[in-house]
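J.: Sequence:
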Amino acid sequence: MRFVRQNDLNRVTWVALRSRTGSRQGRRGSRGGSGAVRGVVAVLAAAAVASGCAGGGVEEAAERGSAGQRGAAEAGAAAGTAEPAHGQQRGQHGRHERHERRGAPEHGGRRQLDAPAARALDAYAGKVRRAHAARVAAAKRWGLAKAPLSAPAPPAQKPELTTRKGFEVAGHAEDGLPPVFTTVPTRHKVVFLTLDDGAEKDPAFLRMMTDLRIPYTAFLSDYLIKEDYGYFERMRDRGAALHNHTLHHRHLPPLSYAAQKREICGMQDVIEKRYGTRPTLFRPPYGSYDRDTLRAAGSCGVEAVPLWNEEVFVDRWDYRESDRELRPGDIVLSHFRGTSEWKGTMPDMIRRFLNLVTAEGYAVARLEDYL
Numbered sequence: 001m002r003f004v005r006q007n008d009l010n011r012v013t014w015v016a017l018r019s020r021t022g023s024r025q026g027r028r029g030s031r032g033g034s035g036a037v038r039g040v041v042a043v044l045a046a047a048a049v050a051s052g053c054a055g056g057g058v059e060e061a062a063e064r065g066s067a068g069q070r071g072a073a074e075a076g077a078a079a080g081t082a083e084p085a086h087g088q089q090r091g092q093h094g095r096h097e098r099h100e101r102r103g104a105p106e107h108g109g110r111r112q113l114d115a116p117a118a119r120a121l122d123a124y125a126g127k128v129r130r131a132h133a134a135r136v137a138a139a140k141r142w143g144l145a146k147a148p149l150s151a152p153a154p155p156a157q158k159p160e161l162t163t164r165k166g167f168e169v170a171g172h173a174e175d176g177l178p179p180v181f182t183t184v185p186t187r188h189k190v191v192f193l194t195l196d197d198g199a200e201k202d203p204a205f206l207r208m209m210t211d212l213r214i215p216y217t218a219f220l221s222d223y224l225i226k227e228d229y230g231y232f233e234r235m236r237d238r239g240a241a242l243h244n245h246t247l248h249h250r251h252l253p254p255l256s257y258a259a260q261k262r263e264i265c266g267m268q269d270v271i272e273k274r275y276g277t278r279p280t281l282f283r284p285p286y287g288s289y290d291r292d293t294l295r296a297a298g299s300c301g302v303e304a305v306p307l308w309n310e311e312v313f314v315d316r317w318d319y320r321e322s323d324r325e326l327r328p329g330d331i332v333l334s335h336f337r338g339t340s341e342w343k344g345t346m347p348d349m350i351r352r353f354l355n356l357v358t359a360e361g362y363a364v365a366r367l368e369d370y371l
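When the count follows UniProt numbering, it moves up by one through the sequence shown with no breaks and lands on 371 for the last residue.
I should point out that these hints are in silico values taken from the structure, not numbers from a laboratory. Values in this document were obtained by computation on a predicted structure and should not be read as measured data. In this text, a Cβ means the ideal position worked out from N, Cα and C, and glycines have one as well. Hints may be right or wrong, so weigh each one.
If you anchor each label on the Cβ, the simulated ranges turn out as follows [stated by the list, open to error]:
no.	residue 1	residue 2	range
1	P159	D122	34 to 44 Å
2	R130	P253	48 to 58 Å
3	A204	D315	12 to 22 Å
4	D211	A123	20 to 30 Å
5	A123	H248	50 to 60 Å
No more than 20 Å apart at the CA atoms, straight line, and that leaves these computed lysine-lysine pairs for PhoX-like [stated by the list, open to error]:
no.	residue 1	residue 2
6	K226	K273
7	K343	K201
8	K158	K140
9	K165	K201
Input sequences plus hints: build the corresponding full structure.
T.: Below you can see the structure in the form of structure tokens.
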């Protein structure tokens with residue numbers, strides 16, 4: 001089977017089409033009964049993987065699939081009682097013999113509906129409806145214009161990362177230095193949310209992101225997070241990925257190689273000690289770096305340097321590109337800030353971010369799933 005892992009509307013169209021096709025096949029012969037049920041279950045299972053159990057359209061597809069299942073079962077039963085056409089009797093007997101050899105249940109020449117498969121379909125449809133209802137309710141609680149779209153399943157084969165043109169340093173490719181990029185190559189209509197430094201520690205932000213199930217990546221500086229390491233431990237436990245933004249947020253290029261290495265590798269050690277995982281991603285403060293920066297980062301386990309294509313604030317968006325458009329795979333930057341520096345809170349910033357992303361048909365995906 002082939003399906004397009006885009007966003008909810010495309011998935012619904014495909015699933016609904018597959019369900020109707022299953023119904024037509026059910027009318028062609030006696031084998032359409034339980035086979036159609038299994039087909040519908042397989043299709044909906046594939047849709048579940050692609051959608052992350054979200055999107056209102058999937059419940060609609062599930063209901064259509066149930067109707068297709070009933071139509072296929074009725075058509076299969078009717079075909080099972082019909083007289084074989086001239087020239088087809090031998091083939092029909094052959095099929096009955098195969099059913100008998102496999103031990104397929106028969107009753108009056110009709111195959112019985114596969115009840116476990118039907119129950120699985122009903123259970124799945126109910127799960128999808130409940131998940132979507134919870135997402136819609138969470139969106140209303142947090143004042144969003146619409147429920148966020150669900151990201152497709154992560155790519156089975158990760159895209160090849162290369163340094164953005166103009167962002168290279170001398171000997172970048174020859175020395176195998178970590179790639180520097182602002183967007184991830186993908187056809188999926190997704191963007192990635194990243195947050196820098198760790199200055200603001202807003203409990204409402206954690207609740208909001210957990211409630212809405214929005215993935216994000218944090219790039220942390222020790223001089224800010226050491227006030228409350230536990231806040232970022234709770235963040236990690238809720239699914240956020242924690243990466244490196246140096247110990248003291250210094251402008252790196254003027255520093256010596258040894259000083260840069262202390263800033264970068266020292267933060268690698270802090271995150272590994274406090275949170276149990278050594279980061280593989282590094283974002284230099286202010287997005288500024290030189291060859292020594294990348295050499296130092298690579299020496300202590302950094303594999304990639306994601307920068308950003310857009311930045312979102314409480315009251316505006318800033319864009320790197322002149323057309324001010326989102327693109328598939330764009331990395332979006334924001335910061336841990338509150339009312340002392342912004343005209344609002346972190347939840348206010350997330351509302352602005354999600355309302356625009358959703359309105360333009362994008363889902364928020366987990367950056368690490370694509371790297």
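J.: Does each hint fit the structure? Answer for all of them.
T.: How the hints compare with the structure:
| no. | hint | in the structure |
| --- | --- | --- |
| 1 | P159 - D122: 34 to 44 Å | 38 Å, holds |
| 2 | R130 - P253: 48 to 58 Å | 52 Å, holds |
| 3 | A204 - D315: 12 to 22 Å | 18 Å, holds |
| 4 | D211 - A123: 20 to 30 Å | 25 Å, holds |
| 5 | A123 - H248: 50 to 60 Å | 53 Å, holds |
| 6 | K226 - K273 | 13 Å, holds |
| 7 | K343 - K201 | 16 Å, holds |
| 8 | K158 - K140 | 35 Å, violated |
| 9 | K165 - K201 | 36 Å, violated |
The structure fails to meet hints 8, 9 from the earlier list, while all remaining hints are met.
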